[in-house]
Amino acid sequence: MAVIDPVTDAPARSTAPKQRHIPGETGVWILIFGDMTIFAVLFCVFLNARKSNPVQFAHDQAALNANFGAINTVLLLVSSLCVVMAVRAIRSGVHQSLASRYVVAAWLCGIGFLVIKALEYSEKISHGITPQTSEFFMYYFVLTGLHAFHLLIGLGILGGLFALSRKPDMSTGKFAFFEAGACFWHMVDLLWIVLFPLIFLVR
Amino acid sequence: MTMTIQSNATRGTADLLKSSATVVWFVLVTATAVSWALGTHHRIVDNTTATALIILAIAFIKIRYIGLYFMDLKDAPLALRAVLEAWCLITFCLTSGFYLAG
Numbered sequence: 181m182a183v184i185d186p187v188t189d190a191p192a193r194s195t196a197p198k199q200r201h202i203p204g205e206t207g208v209w210i211l212i213f214g215d216m217t218i219f220a221v222l223f224c225v226f227l228n229a230r231k232s233n234p235v236q237f238a239h240d241q242a243a244l245n246a247n248f249g250a251i252n253t254v255l256l257l258v259s260s261l262c263v264v265m266a267v268r269a270i271r272s273g274v275h276q277s278l279a280s281r282y283v284v285a286a287w288l289c290g291i292g293f294l295v296i297k298a299l300e301y302s303e304k305i306s307h308g309i310t311p312q313t314s315e316f317f318m319y320y321f322v323l324t325g326l327h328a329f330h331l332l333i334g335l336g337i338l339g340g341l342f343a344l345s346r347k348p349d350m351s352t353g354k355f356a357f358f359e360a361g362a363c364f365w366h367m368v369d370l371l372w373i374v375l376f377p378l379i380f381l382v383r
Numbered sequence: 048m049t050m051t052i053q054s055n056a057t058r059g060t061a062d063l064l065k066s067s068a069t070v071v072w073f074v075l076v077t078a079t080a081v082s083w084a085l086g087t088h089h090r091i092v093d094n095t096t097a098t099a100l101i102i103l104a105i106a107f108i109k110i111r112y113i114g115l116y117f118m119d120l121k122d123a124p125l126a127l128r129a130v131l132e133a134w135c136l137i138t139f140c141l142t143s144g145f146y147l148a149g
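Here the protein sequences line up with chains A and B, keeping their order.
The working numbering applies: residue 181 is where the first sequence begins, and numbers increase by one.
The working numbering applies: residue 48 is where the second sequence begins, and numbers increase by one.
With the rest of the complex left out, here is chain A:
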């Protein structure tokens, strides 16, 4: 029931402190920030390697197709929005039946990312470019490959979220698992948000 201000008869502003809540559970945040820290170190290792031969790095980078990277960024952003919608659908209660559709849409965007990545790799390999070609391409394949590995794990987690979202009643514990899985997927998105400019755009 709304609290009415006795003086103005208007609904009184709530004085209760804002309820703060850990999305998912503490454990998943240790994993997420641990992974993000490892990637932060890898970004620095890549830029440090670039220092030794910036001309060669710029030359090799010019062989990359930035359009592939940009399309993949948009695909991951769309998938992240779908996951946000799935979490909101479950929280709303009324629209819970829609959650599984959003999870499927997010999963399809993830598959789209992998298809484009496969196209990109095959284009490079058909031109004789492999991790042995140069230091830049070694980092390119290792960093994007490591990210693609995280994305594969994320796709597996989305499969679990799909199964969960189809259950009519979700307990608090299961919702925490759902939120944790959603946050892992957002981490896959945000790591790409740095990898794309770092490898494709920064000259």
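Think of the hints as simulated: they come from the structure by calculation, not from any bench.
Be a bit skeptical, because a hint or two may be false.
Stated by the list, open to error - DEER-style ranges, computed between Cβ atoms: (1) Ser66(B) x Lys231(A): 38 to 48 Å; (2) Pro311(A) x Thr95(B): 32 to 42 Å; (3) Ile210(A) x Leu136(B): 15 to 25 Å; (4) Ala148(B) x Gly339(A): 40 to 50 Å.
Stated by the list, open to error - Straight-line alpha carbon distances no greater than 30 Å define the calculated DSBU-like cross-link-like pairs of lysine-lysine that follow: (5) Lys121(B) x Lys347(A); (6) Lys347(A) x Lys65(B); (7) Lys198(A) x Lys65(B).
As the list claims (entries may be wrong) - Partial chain A-side listing against chain B, Cβ under 7 Å, derived: (8) Met216; (9) Ala220; (10) Leu227; (11) Lys231; (12) Ala246; (13) Ala250; (14) Ile251; (15) Ser260; (16) Arg268; (17) Ala269; (18) Gln276; (19) Cys363; (20) Leu381; (21) Val382; (22) Arg383.
The beta carbon of each residue, even a glycine, is placed where N, CA and C say it ideally should be.
Starting from the structure of chain A, add chain B where the hints point.
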């Protein structure tokens, strides 16, 4: 019957889209387009170093917003939110520093 289910789904999607996360999503897509244009059309900003730093700054601002609005860290305990803010700031400073040293 099928049309009713379809219209419920459309209405549900419209309801669920009414959130700050949707506005943030549009900003993130626009920022991606700006970064892509800066990185591929070299005449926009003549200075390569300035362009690189702008692109890096945009990336870390995007990450902050993904953390706050998609991962819901804006409503998380302040300590958890602080870890995200610190990661963005420290990683931006480190990557910019390594870039400038190159």
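Here is what the structure says about each hint:
1. Taking 38 to 48 Å as the suggested C-beta distance range, the pair serine 66(B) and lysine 231(A) conforms, at roughly 43 Å.
2. Between proline 311(A) and threonine 95(B) the beta carbon distance is about 27 Å. The supplied range of 32 to 42 Å is therefore violated.
3. Distance hint check for isoleucine 210(A) and leucine 136(B): the Cβ-Cβ separation is about 20 Å, which falls inside the suggested range of 15 to 25 Å.
4. The given range of 40 to 50 Å is respected by alanine 148(B) and glycine 339(A), whose C-beta atoms sit roughly 43 Å from each other.
5. Taking the CA atoms of lysine 121(B) and lysine 347(A), the gap is about 28 Å. The hint holds against a cut of 30 Å.
6. With a C-alpha separation of about 25 Å, the suggested pairing of lysine 347(A) with lysine 65(B) holds against the 30 Å cut-off.
7. The hinted pair formed by lysine 198(A) and lysine 65(B) meets the criterion: a straight-line CA distance of about 21 Å does not exceed 30 Å.
8. A hinted interface residue such as methionine 216(A) counts as satisfied when its beta carbon comes closer than 7 Å to some beta carbon of chain B; here the least separation is about 6 Å, so the hint holds.
9. A distance limit of 7 Å between C-beta atoms decides the matter here; for alanine 220(A) the minimum to chain B is near 4 Å, and the interface restraint holds.
10. Taking 7 Å as the C-beta contact cut-off toward chain B, the hint placing leucine 227(A) at the interface holds, the least distance being around 4 Å.
11. About 4 Å separates the beta-carbon of lysine 231(A) from the nearest beta-carbon of chain B, less than 7 Å, and the hint is met.
12. For the restraint placing alanine 246(A) at the interface with chain B, the shortest Cβ-Cβ distance is roughly 5 Å, inside the 7 Å limit, so the hint holds.
13. For the restraint placing alanine 250(A) at the interface with chain B, the shortest Cβ-Cβ distance is roughly 4 Å, inside the 7 Å limit, so the hint holds.
14. Of the supplied interface hints, the one on isoleucine 251(A) is violated, with its beta-carbon coming no nearer than about 10 Å to a beta-carbon of chain B, more than 7 Å.
15. Below 7 Å, beta-carbon pairs count as interface contacts, and serine 260(A) has one with chain B at about 5 Å; its hint therefore holds.
16. The interface hint given for arginine 268(A) holds, since its Cβ lies 5 Å from the closest Cβ of chain B, which is under the 7 Å cut-off.
17. Taking 7 Å as the C-beta cut-off, the interface hint given for alanine 269(A) holds, the closest approach to chain B being about 6 Å.
18. A hinted interface residue such as glutamine 276(A) counts as satisfied when its beta carbon comes closer than 7 Å to some beta carbon of chain B; here the least separation is about 9 Å, so the hint is violated.
19. Using the Cβ-Cβ criterion of 7 Å, the hint placing cysteine 363(A) at the interface with chain B is satisfied: the shortest such distance is roughly 5 Å.
20. Hint status for leucine 381(A) relative to chain B: holds, with the closest Cβ pair at about 3 Å, below 7 Å.
21. Checking valine 382(A) against chain B by beta carbon gives a least distance of about 4 Å; that is within 7 Å, so the hint holds.
22. Given the 7 Å rule on beta carbons, the hint for arginine 383(A) holds: about 5 Å separates it from the nearest Cβ of chain B.
In the structure shown, a violation is registered for the earlier hints numbered 2, 14, 18, in ascending order.
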